[in-house]
Amino acid sequence: MTLSPVDLALYAGTLFILFITPGPVWLAVMARTLSGGARATVPLALGVVAGDVMWSFLAVLGVSWVVSAFGGVMAALKLVAVVLFAGMGVMLIRHADRTIAADSRLTRPGAWAGFMAGLAAILGNPKAILFYMGVLPGFFDLTRVTPADIAAIVVLSALVPFLGNVGLAMSLSRLRRLMTSPKALRRTNIAAGCLLIAVGVAIAMT
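If you want our numbering, it's the position in the sequence shown, counting the first as 1, plus 21.
Hints were generated in silico from the structure; no laboratory data involved.
Fair warning: there could be bad hints in the mix.
As the list claims (entries may be wrong) - Have a look at the derived ranges for each label pair, beta carbon to beta carbon: (1) 34 to 111: 32 to 40 Å; (2) 211 to 188: 21 to 29 Å; (3) 180 to 111: 47 to 55 Å; (4) 191 to 71: 18 to 26 Å.
What the hints assert, rightly or not - The calculated SDA-like cross-link candidates involving lysine to any residue, where the alpha carbons are at most 25 Å apart (straight line), are: (5) 148 to 222; (6) 148 to 183; (7) 148 to 189; (8) 204 to 104; (9) 148 to 67; (10) 148 to 204; (11) 204 to 183; (12) 148 to 33; (13) 204 to 40; (14) 148 to 78; (15) 148 to 188; (16) 148 to 134; (17) 148 to 175; (18) 148 to 22; (19) 204 to 107; (20) 148 to 225; (21) 204 to 175; (22) 204 to 58; (23) 148 to 208; (24) 148 to 70; (25) 204 to 185.
The C-beta atom is built at its ideal place from N, Cα and C for all residues, glycine as well.
The task is simple: from the sequences and hints, build the whole structure.
Laid out in structure tokens, this is it:
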């Protein structure tokens, strides 16, 4: 392994700074936590992990040309993300008076829907693309990395955002439990729906 603990610590610190910079993933975590609680956000966080692993692995392999060579694919992914989040937001607002338990769609396909939402958010997030394809290669000498180095970089790229997203969801969930009245539930669901729509708008405009 050629990377030192200092190299990895610096990279982890930069990942944390990236995490605390608000973006589409933050909005998605907030919306899903307000509508379904912290547990419902874990699949979304895992979807983000899948995207982070993909971007970091591609960057380490030195294939930053993927973004320019397959611009059409990236545009399609962004469109899918926009439609997904806007549609989820509109449906949540339309059914703002329903409790979480009353909507079976949030219990049966919720985990898969959450995973895909997280994956769409990170794949269509220009901030993540810029970081992994433009900034990450500057941290390390990618001509000398070993398999152990690659594993360490990928694990950090997945672990730091995952812990941050779950921590954010748990903090928001404590606030959510205080709001149990029907009136508060309606306000919460409308706010969550607006946040989901905002995710789609943010992705579309970046």
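Verification of the hints:
no.	hint	verdict
1	34 to 111: 32 to 40 Å	39 Å, holds
2	211 to 188: 21 to 29 Å	25 Å, holds
3	180 to 111: 47 to 55 Å	34 Å, violated
4	191 to 71: 18 to 26 Å	21 Å, holds
5	148 to 222	15 Å, holds
6	148 to 183	16 Å, holds
7	148 to 189	19 Å, holds
8	204 to 104	28 Å, violated
9	148 to 67	18 Å, holds
10	148 to 204	36 Å, violated
11	204 to 183	32 Å, violated
12	148 to 33	16 Å, holds
13	204 to 40	33 Å, violated
14	148 to 78	17 Å, holds
15	148 to 188	21 Å, holds
16	148 to 134	23 Å, holds
17	148 to 175	17 Å, holds
18	148 to 22	29 Å, violated
19	204 to 107	24 Å, holds
20	148 to 225	13 Å, holds
21	204 to 175	44 Å, violated
22	204 to 58	18 Å, holds
23	148 to 208	30 Å, violated
24	148 to 70	15 Å, holds
25	204 to 185	30 Å, violated
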